[in-house]
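J.: The primary structure of each chain is shown beneath.
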Amino acid sequence: MVFRMSGIVKRFGGLVALDDVNFEVSKGEVMALVGDNGAGKSTLIKTMSGAHAPDGGTIEMEGRLVQFRSPQEAWASGIATIYQELALAGKMTVVDNIFLGREIKKPVLGIPFLDRQAMRKRTAELLDQLDVHVPSVDSWVESMSGGQRQGIAIARALNMDARLIIMDEPTAALAVAEVRKVLEFIKRLRSEEKSVVLISHNIQDVFEVSDRISVMRHGRCIAVRETAKTTPQEIIGLITGAHEVRAAAS
Amino acid sequence: MASMGDTRPALRFVSPTASRELALIAAIIIVSVIFASASPYFLTVNNLVQTMRAGLELAIISAGMTLVIIMGAIDVSVGGILAVSAIVIGKAYQAGLPVYIVTPAGLMVGTALGAFNGFITAKLKVPPIISTLGSMYIFSAIMFLVIGGAWISGLPGTLSPLINGWVGFVPAAALVIGAVYLLAWVVLRKLSFGSHIYAIGCDEHSARLVGINVDRTKIMTYALLGFLTGLAALLYVARLRNVEINIGTTIALEAIAATILGGTNIRGGVGSLLGTLLGVAFIRIMQNGLVLMGVSSLWETVIIGSLLIVVLTGDALRNRNNARAI
Amino acid sequence: MTTWTKGPAIRDPLQARLILLLGLWLVAIAAMTLLSPYFWRVSTIPYLLQYVPVLGLLGLGQTLVILAGGPGIDLSVGSVVSLVGVAVGGLFTLGIDIWVACGFGVVLGAALGGVNGLLINVLRIPSLMATLATMFVFGGLALATTAGRPIGGFPPEFAWLGQGHTFGLPNAFVFVLLPVAVALHVMLTRTTIGRHIVACGNDDRAAHLSGLNVVRLRIALYALSGVLAALGSIISMSWFLAARPDAGRGMELLAVTIAVLGGTHIFGGTGGVPGTIAALLIVTTLQIGLQLANISAAWQLGLIGVLLIVSVSRLSVWRRAGGVKS
Numbered sequence: 001m002v003f004r005m006s007g008i009v010k011r012f013g014g015l016v017a018l019d020d021v022n023f024e025v026s027k028g029e030v031m032a033l034v035g036d037n038g039a040g041k042s043t044l045i046k047t048m049s050g051a052h053a054p055d056g057g058t059i060e061m062e063g064r065l066v067q068f069r070s071p072q073e074a075w076a077s078g079i080a081t082i083y084q085e086l087a088l089a090g091k092m093t094v095v096d097n098i099f100l101g102r103e104i105k106k107p108v109l110g111i112p113f114l115d116r117q118a119m120r121k122r123t124a125e126l127l128d129q130l131d132v133h134v135p136s137v138d139s140w141v142e143s144m145s146g147g148q149r150q151g152i153a154i155a156r157a158l159n160m161d162a163r164l165i166i167m168d169e170p171t172a173a174l175a176v177a178e179v180r181k182v183l184e185f186i187k188r189l190r191s192e193e194k195s196v197v198l199i200s201h202n203i204q205d206v207f208e209v210s211d212r213i214s215v216m217r218h219g220r221c222i223a224v225r226e227t228a229k230t231t232p233q234e235i236i237g238l239i240t241g242a243h244e245v246r247a248a249a250s
Numbered sequence: 001m002a003s004m005g006d007t008r009p010a011l012r013f014v015s016p017t018a019s020r021e022l023a024l025i026a027a028i029i030i031v032s033v034i035f036a037s038a039s040p041y042f043l044t045v046n047n048l049v050q051t052m053r054a055g056l057e058l059a060i061i062s063a064g065m066t067l068v069i070i071m072g073a074i075d076v077s078v079g080g081i082l083a084v085s086a087i088v089i090g091k092a093y094q095a096g097l098p099v100y101i102v103t104p105a106g107l108m109v110g111t112a113l114g115a116f117n118g119f120i121t122a123k124l125k126v127p128p129i130i131s132t133l134g135s136m137y138i139f140s141a142i143m144f145l146v147i148g149g150a151w152i153s154g155l156p157g158t159l160s161p162l163i164n165g166w167v168g169f170v171p172a173a174a175l176v177i178g179a180v181y182l183l184a185w186v187v188l189r190k191l192s193f194g195s196h197i198y199a200i201g202c203d204e205h206s207a208r209l210v211g212i213n214v215d216r217t218k219i220m221t222y223a224l225l226g227f228l229t230g231l232a233a234l235l236y237v238a239r240l241r242n243v244e245i246n247i248g249t250t251i252a253l254e255a256i257a258a259t260i261l262g263g264t265n266i267r268g269g270v271g272s273l274l275g276t277l278l279g280v281a282f283i284r285i286m287q288n289g290l291v292l293m294g295v296s297s298l299w300e301t302v303i304i305g306s307l308l309i310v311v312l313t314g315d316a317l318r319n320r321n322n323a324r325a326i
Numbered sequence: 001m002t003t004w005t006k007g008p009a010i011r012d013p014l015q016a017r018l019i020l021l022l023g024l025w026l027v028a029i030a031a032m033t034l035l036s037p038y039f040w041r042v043s044t045i046p047y048l049l050q051y052v053p054v055l056g057l058l059g060l061g062q063t064l065v066i067l068a069g070g071p072g073i074d075l076s077v078g079s080v081v082s083l084v085g086v087a088v089g090g091l092f093t094l095g096i097d098i099w100v101a102c103g104f105g106v107v108l109g110a111a112l113g114g115v116n117g118l119l120i121n122v123l124r125i126p127s128l129m130a131t132l133a134t135m136f137v138f139g140g141l142a143l144a145t146t147a148g149r150p151i152g153g154f155p156p157e158f159a160w161l162g163q164g165h166t167f168g169l170p171n172a173f174v175f176v177l178l179p180v181a182v183a184l185h186v187m188l189t190r191t192t193i194g195r196h197i198v199a200c201g202n203d204d205r206a207a208h209l210s211g212l213n214v215v216r217l218r219i220a221l222y223a224l225s226g227v228l229a230a231l232g233s234i235i236s237m238s239w240f241l242a243a244r245p246d247a248g249r250g251m252e253l254l255a256v257t258i259a260v261l262g263g264t265h266i267f268g269g270t271g272g273v274p275g276t277i278a279a280l281l282i283v284t285t286l287q288i289g290l291q292l293a294n295i296s297a298a299w300q301l302g303l304i305g306v307l308l309i310v311s312v313s314r315l316s317v318w319r320r321a322g323g324v325k326s
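Protein chains in written order, with the numbering used here: chain A, 1 to 250; chain B, 1 to 326; chain C, 1 to 326.
Pairs of lysine-lysine, DSSO-like flavour, derived with a Cα cap of 27 Å:
(1) B:Lys190 <-> A:Lys105
(2) A:Lys106 <-> A:Lys121
(3) A:Lys187 <-> A:Lys229
(4) A:Lys187 <-> A:Lys27
(5) A:Lys229 <-> A:Lys27
(6) A:Lys121 <-> A:Lys105
(7) A:Lys121 <-> B:Lys190
(8) A:Lys106 <-> B:Lys190
Just some of the chain C residues that point at chain B, by a computed CB distance under 7 Å:
(9) Arg124
(10) Ile266
(11) Ser296
Because the hints were derived from the structure by calculation, they are not lab data.
Glycine included, every Cβ here is placed at the ideal spot set by N, Cα and C.
Please construct the entire structure, taking both the sequences and the accompanying hints into account.
T.: Printed below as a string of structure tokens:
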């Protein structure tokens, strides 16, 4: 197990968003996280990525107990998150965005100056690797298409050299060709022995790339299935609770 | 949102604020021509250098203000920081302390007050306009506490060579301004700290998600403005040899005006130190020229305010396609 | 961070705040009484209420502008007070009847406020910057056209508003502030327009999509803020029997202070008349009490600054924990 959450609880005021959730990902595995709106998926990954602190439960990374007090600590532990809203700074360049928070520095007389040249070079490499084309690495991110921005966000995560990459609805706003690229990228991450947590509404995408699927409902993780051994119907049934209805009805 | 953004890539590639900087240079040239034709004294070296010296404090403070505004915040309390720093400096001189002790003391006072602003804004989550409004009130109270009654005068002008001196053909004041702006530029463009300032101004929420220590950056940026204000206070005392400061929002508003005129976006994320410097130059030249022309200096605020409106309108019209539809 | 137990807790944070403010007012009165024997002796309530109208009107205008969101703020109200005063005084010296001139002053106030409204809501210039610029322009015009000199010579009967008393209470309070406050409170809490204003402040996108004309509403509120400032100017002139071109200097900050202290959230959506009035009473009590106790004005401001910061930081904590909007 690369990453394991046990008994996670998270409350917001009187609302219990995560109710004793157990969740784990193995090395080199793509774990899909599915569930209806309000099931707690976003809250769970925000807890994983350090944006929220859990009210109860433990988190283990590569066997060690960890506690993230900020997103920065999660980054430092090797967890890279690509949020649904991408978290890109519109009026900054592609290079700046990819290296935001992890700038390459070159100390001169003890003062850490930005090494723009190194960053630009690395940016070009990353974009090349991902087959993302931008007019120029010095142009502002806000002038780019949805697919390009998704690519930049992924490049940023790739730059982190992370062991666990969390992707929240990466294909939601993309054109068909761009979706392909993202799915190929996820497969490539797996081949590099990296772990991926993928949140998606798109059952097709889930079945194409994931190894296992965790289903969340009402703040609980109600089921974990191996993708090869389940069907879309079963998963959808778990998401919507149809099986509960059937069980109650019988 | 898949907008293509600004449709003048060439100029934008150079710098997003280049057009504003050019416009300011043109404006300065135009008013200078007007003033020169109205008064023979205007274009004399003496006059120009004096004007620059008069604008020293505003220039230094505006550099710091630019960083704060790029970060998406604001500080209306710099007048208070200036006053408190100046009084502490005055008292220190009065107590006989030598300049090499008074100088760091003054800088530290400014930095501390600036950090206070940063703390309230970042840690107590008070919106910058409110926090610096409140702190301005608090600083004015502190000023009265420290001053203990009478204005101080007859202070040593030990640092005045920095203002009045010359290095070859270059006035020392120009070198001071140059050094300050160079420092600010390095911080903004060459250090990761500067990157973070831009990021927070662009989208604070995203900056946090990406792992930037937003609170610390805010406090440090405000502290830097405080530091520069302390520096301005040192030079103010050296120039005027007394501490008769009227605490008020004027210098803060002038600094904000210079920054916005210079192309920095009030919403943050975009800015220009060169623009700010040009904005300061413009304001002080206006002041100087109007006086020389015999026009009451009272018209100055009207002119600056009107210019601000023109500039803001221009910005707003240009951003029309990117604006949310409401 | 406090954890809240299940249960009703705070049903209406605005009401809770009002209770807190009234409590604070009593504490302030008690403190002032302790500080100075004169406090109780000077027939205090009417005395207090004399200072209240001008600031109160400005504060109410500010409350509405901030309430409607945007975020909205009007930093130009002090300058509007000055400029309207100068205009009215000017008309009077031209021979126009004083009350007619006042009428014109009110219209001018509406027009000046309307300018703000247009800049902010049509041109989409951020309210802080737009009203900062108009503050420069309006204030500068007031000073420049009068060369800084007050206009006097008002007829003695004009003093009725500012200096007269009815049933022992000051006229400006009874005939202007009280009715205006009541009218605005009724409008906010019991009419459709009031609901619309709160809706705009809470979520202007949603309000717009629901068919509300957000732009027109906000422009109207800025114009109203200008009208209230004009009324304040008239009262101030009646009090001094002169039109001072710097009559409104600094008032905008105090107006924002009492609005925010009174519970109006700086981004809109929450706030109301009672809170602002309570804050007004607190601030005025402190000012008068400290003045009577011979404590310098700076301490008053310092205290107000602390109150401002504390009130806003607590509000955030309340909002987060309670999760309730009024």
